[in-house]
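Visitor: Please assemble the complex out of the two chains, which come individually in their own frames, going by the hints.
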Amino acid sequence: MDRNPAQPYIEFDRITKRFPGVTALDDVTFGIEAGTCHAVVGENGAGKSTLGRILTGIYDHDGGQIRIDGRPVQLIEPRDALDMGIGMVHQELVFCENLSVAENLCLGTLPARGGFVSDRSMEERARRMLEAVDADMDVGTSIGDLPVAQQQLVQIAAALGSGARVIVFDEPTSSLSHVEAKRLRENIRHLKSKGVTSIYISHDLDEIFRLCDVVTVLRDGRHVTTRPVAELDRATLINLMIGRTYEAYFPSHVDTESGGEMLAVDSLTSPGKFENVSFSVRSGEVLALAGLVGAGRTEVLQAVFGLDPNVTGHLRVAGRPVSIRHPIDAMRNGIGLVPEDRKRFGLVLTLRVDQNIGLPTLAHRSNFGWIRGKGEEDLADEYVKRLSVRPDDVRYNTAGLSGGNQQKVVLAKWLAARCPVLLIDEPTRGVDVGAKSEIHALIDQLAHEGTAIVLVSSELPEVLNLSTRIMVLRAGRVAGELSREDADQGTVMRMMAGV
Amino acid sequence: MLRILLGSQQTGLLLVILLLGAVLSVFAGYHVDRSTGELVNNFLNSRTLMQTATDASFFVIMAVGATMVIISGGIDLSVGSIYALSGVLTAMVLRSMAPDSPLSVVMLAVLVCLCLGLLCGLLNGVMVVGLRVHPFIVTLGTMWVFRGIAFVISEAESILVPQALTDVIKLSFGSDALYPMPMIIMLVITAAGAVYLSRTVMGRHIFAVGGNLEASRYAGLRIDRILVGVYVVSGLTASIAALVGSSYYGSASCADATGYELYVIASAVVGGASLRGGRGSAVNAMLGAMLIVLIRQSIRTLHLDQNYEWVVIGCAIIVAVVLDQVNRRLTARRLVEAG
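Line order of the protein sequences matches chains F and G.
Each residue of the first sequence is one higher than the one before, counting from 1 in my numbering.
Each residue of the second sequence is one higher than the one before, counting from 1 in my numbering.
In isolation and in its complexed conformation, chain G is listed as follows (with noise of 0.2 Å):
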């Protein structure tokens, strides 16, 4: 039983992520909330939980698509890019048309966003297939494409989102100071990126074209069509993500989410996603995300050297694969030895 619970990739990331919470918890220390004067711990309280959460929905969102990307064999670096640019256009088309209702603003932003990160996974996806160049070239040119047309558009300029915006994604429910839409969001686009790769027949389509490219050719599968759909959901959710992550901070520049793409796979692929493509799940990239970002949260809570923050989320990387590799050989050493 505790063999088949360690063998689920889903069991194993979430174990991790709660032993690390519970030893944070126990190390983080506490101090005196100057309102209440009551002894706060200073990892296991709603408002640290709640931003860690937040830091991690940007990451989630997108890795939900750039997980497709990779379980169809491919990659996607311009996310960060995609990102960047779709939040610059949409807040500078909302600035110079300036609707006056909130919900016009609404609609607005989220039609202009959601369609310029369609765009742009539409580009990337028809350069892979019409060009036959191999995606890591393709959306590595775009990453660069991309983030430079938000700056020369932008001017280099930090630019203001409507407040209406930002209301929308700091609404409250009630509580105090906890704003929690972008975790709202970001479970929602896990789940339907879940549904949407295991009950659809797209979705089947991307794990066999991974899986066995010549094979599904020869199962009449529409090749084409697949590979640029993951990159549109690619960019999609880079959009979305980019939507959540202007409006709560209020502005939209071309410096956002630089770097981010590497977050986005290393996500994926710590939520067991093979590059080779083939493997991968939504709510395993969430996980990993998570896992990451908490990660990173270890280091501030803990006081550690914040300078060393990337060479610990460097090597957490490499163990998660590796470990993660051992016990799948581990399981197909079992099969063999049963059959």
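Looking at chain F on its own, in the form it has when it is part of the complex (with noise of 0.2 Å):
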């Protein structure tokens, strides 16, 4: 544990978080200087989005105490973060997007004579919060309108607006472009030279280098260290945030015999979203998509499963010429997704284990129509079995499980329909280690039974470890492909980040 000297500002003492199935926060504890730019980093599930909404009182600790200015506080709710001078910029923004920037930025505090609002002082006052972070745009505008860059610059004016002296970004520039996010860099710098603390966080190290004083390191929900970035170097602080080597950590993917094409992708362009993509898999290969957030390789996947109604180009599956307009035409040609955000797109939280399982392949095993006894208890078993799902109760209602267990009943879903072609989306986002390790080997041996799977993973060690091959989307282009062989975080970032 690396000592901080004199006393911090904000102080984590034994900070310990429990969700059902997972522990987010283990024992954590570190302290934050006042008017320092602060990085939390560590992989997907390491703890940093749980640490700031613990921070930002959208969730209560299990244990251990918070100090701020050395006095413990206790941080039940939003409203008492901000009565204590934190503000929070989330990761997806939080506005009523149908009014304006003024009314948005007032809302709370309505500024009303006789019960009627004054629009003239609430313009005013909006208008006075705004010049506090340099924005200029029209008050008056609804706020759904403005691009998100612009929306987040709102969001900085509301928390300084209520008196916040500390601002939590969690994953700000994920939804930004370059521009975009250099401009936000700009800005918090500008905080900083107001003496307003921020507190980022982030997986991109880029962003870190080039912003942050000070990071701080959470792996797997435990405090690892807490450092100046001046004294680290980008690949000491990845070996942080990994702990050991990646090799160690999840067994390698062997590369197997691939067979035949089994998917090919012409010339997949869809406008505003990504252009010209080409690539083929073939069978028992794993190709990996990588690129930064927004390169456009979720809507790739997408638009191969038919959910994109505006693709142009050409899809093979086994040679033959095929098209896809809608996901059931996917299916039909053994192609299957696994999404990414399991809960918004892969499971149905109101149905139980086996119907989710059950789901895309229903109608197929039914006897006109009618569902068949115990076929889909009997086939959702299997699954649950072979992916150790936890508990291995098929008639479990989804909604009560673990992230972990509810992405391998996703798996487990598009296992059953016995796609020779996998799209894998995230598959590991929000999982615990255990969990992720399982899945890593479930893909791999689904690589060795034959299967070409197309993977998205924002995590370049798994990138790195699962694939045979990778390619690299920039800004909805190809930007390259690699071997595994010729493939290292290194030459993967530089060629995502474009340099």
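Read the hints as simulated data drawn from the structure, not as lab findings.
Label pairs and their computed distance ranges (CB to CB):
1. G:Arg328 to F:His364: 31 to 37 Å
2. G:Ser8 to F:Asn276: 54 to 60 Å
3. F:Cys96 to G:Leu275: 19 to 25 Å
4. F:Asn276 to G:Asn327: 54 to 60 Å
Footprint (simulated), chain G over chain F, 3 or more residues, beta carbon under 8 Å:
5. 318-330
6. 343-349
7. 365-376
Each residue gets a CB set at the ideal place from its N, CA and C atoms; glycine is no exception.
Guide: Here is the structure:
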């Protein structure tokens, strides 16, 4: 444990947070100095977002103490955090999109006379708040019409306007373009010059080296270190985040004899999303699509699966040209998609485990529209056992499962469909380490059994370990392709960022 | 064990219904039957019970369809108007064609009436899916349109229904002046709805779409077809109720079933259907409708001021749904603690 000089402004003392099935934070202790830009980094699932949410009162913690300026504080509600001068800029922006910038900024305390809102003084106040972040915008526009970067500025202005001296940024650049991200960095520097403390949660290492003074590394919910950024280089930071060498962590994918071409994509284009994307995958191969957020990886998978009505280009499955306009076409041609964001796209949380696993294939397994007696449970049981979903009761409600087990159910659902081509999008986001290595082993095994796999992952170690080949996308275009032998973290990173 | 019993909504509703029935029997008082001279309980006698069941049957039949719409995440406000329109039009067709044999009367009535309900439902479904307008708005519109058409074509007159239909629906199976046909049809429809929802692919797809539309799309379900389907079923059940109702009362009018849509939605919701979609059951909707009708009946039986009927029903609906939610939250907490 590194020692912090003097007394930090914010102190986390043995903070612990448990979710059903996962310990998100385990005995985390470190301090944040006033007026610094403090990065919190870690792999996905390391607990960095959870930490931000605890500090801003969105989550309560199960153990430990938070002290601000030496005094213990109770942060039960976001209101409590705001009262302590802590504001947050969220990953997903939280506004009433139908209301104007001014209305959103003044929502809590609308200036009113006799019950009537005074538009003039409201807009006046909003303008003053926006001046604090040097933002130049019409306060009368509805906030939904503004680009995300501008909306972020409004969020910062709102936090400052309510008296925040500390602002927590949770992956703020994940939905920004490069220019917008640069603009945001300038804004954060500007905040620092005004003595505002920024807590910057991110997994984008470039950002951290460009912007932050101090970095705290979390790994599997535990505190690893807190050090000045100047003392670190990229490789050391990565090693701190991962802890061990990747090879020791997850068994490396052994190249199998790849078979014939299963899926070929030729000049796939979807206006505004990606352009001229071509690739092919053979049986037994894992092709990873790497790229920064917004590079168009997920969009390519969705297009191949028939979810993008505007896509043009050609697809061949096992040599035959096919037209895929609907997920049904994709499934008919043996293509399955394990989507990102299991709660939104992967699972029907009101249905049981077996009902979710059976959903895509229900119609095929039926007798003239009638669900067969025990068929569904037996099918689900097979995959629940194979993927060791816990609890292994197929009649369990999916809403009650932990993230890792929910993810296994989504995988099981598509394994049960026995697709020879599987598109897998962020299979280990937000799952604990144990489930992660099980999922890796499973993907590996699927490839061995001859499935052609296209994998999208934001975690470079995952990409490097699981893939046979890596295709890098940048801003919707193919930036290059690397064989497994040529690929290392640095090369892929540089290709992703275009430097 | 008690916890499991109370936790199950079905038994919970059933218990409340039985409890209310018992309370009613105790407090209803007695009257002397004129023909037999025996002392008869004012509530617990075959005629009152059968009348209550008959009153409930129209709601129940419609509620089975409405439940499917609600499970899919939609809502159908037009069922009362579909009832009126299909009742009136069927009666008019029967009057103008005037088939000879009772059998052909019944067959023609069933054919025309069900087709009308199906068409109305199809129109609702196609508009919901095709225009991408919220079903509340679409069916609010068709609620007025359908009833308006019924009003115009019937010229606001009540139209008599052939005796053959009334004879069928008032089959007494030997018992004296008891007509169990509406109740039998209600039970059959409920059973069919329950089987449809739990045992067929279409039924499961309705739950999936209502539970998570996006995930269902990603699972390759034909969302549009499924959504149109639920409105068709809803229209169909409304027309079945119309057929039973107009046959039972011997006439059809454009003012029939005014306000039924709210009873029907209330039945489904009291039966645990979630307006957010993904949850609901045909059997529970039946129990929900029976509970509402029983509450209405209790006001009559206990000689309370009938003007308070709506107040009581309104309160009962809110209480029922709140209790259900509290119960569900407790169950969810137990799950988390157990996990």
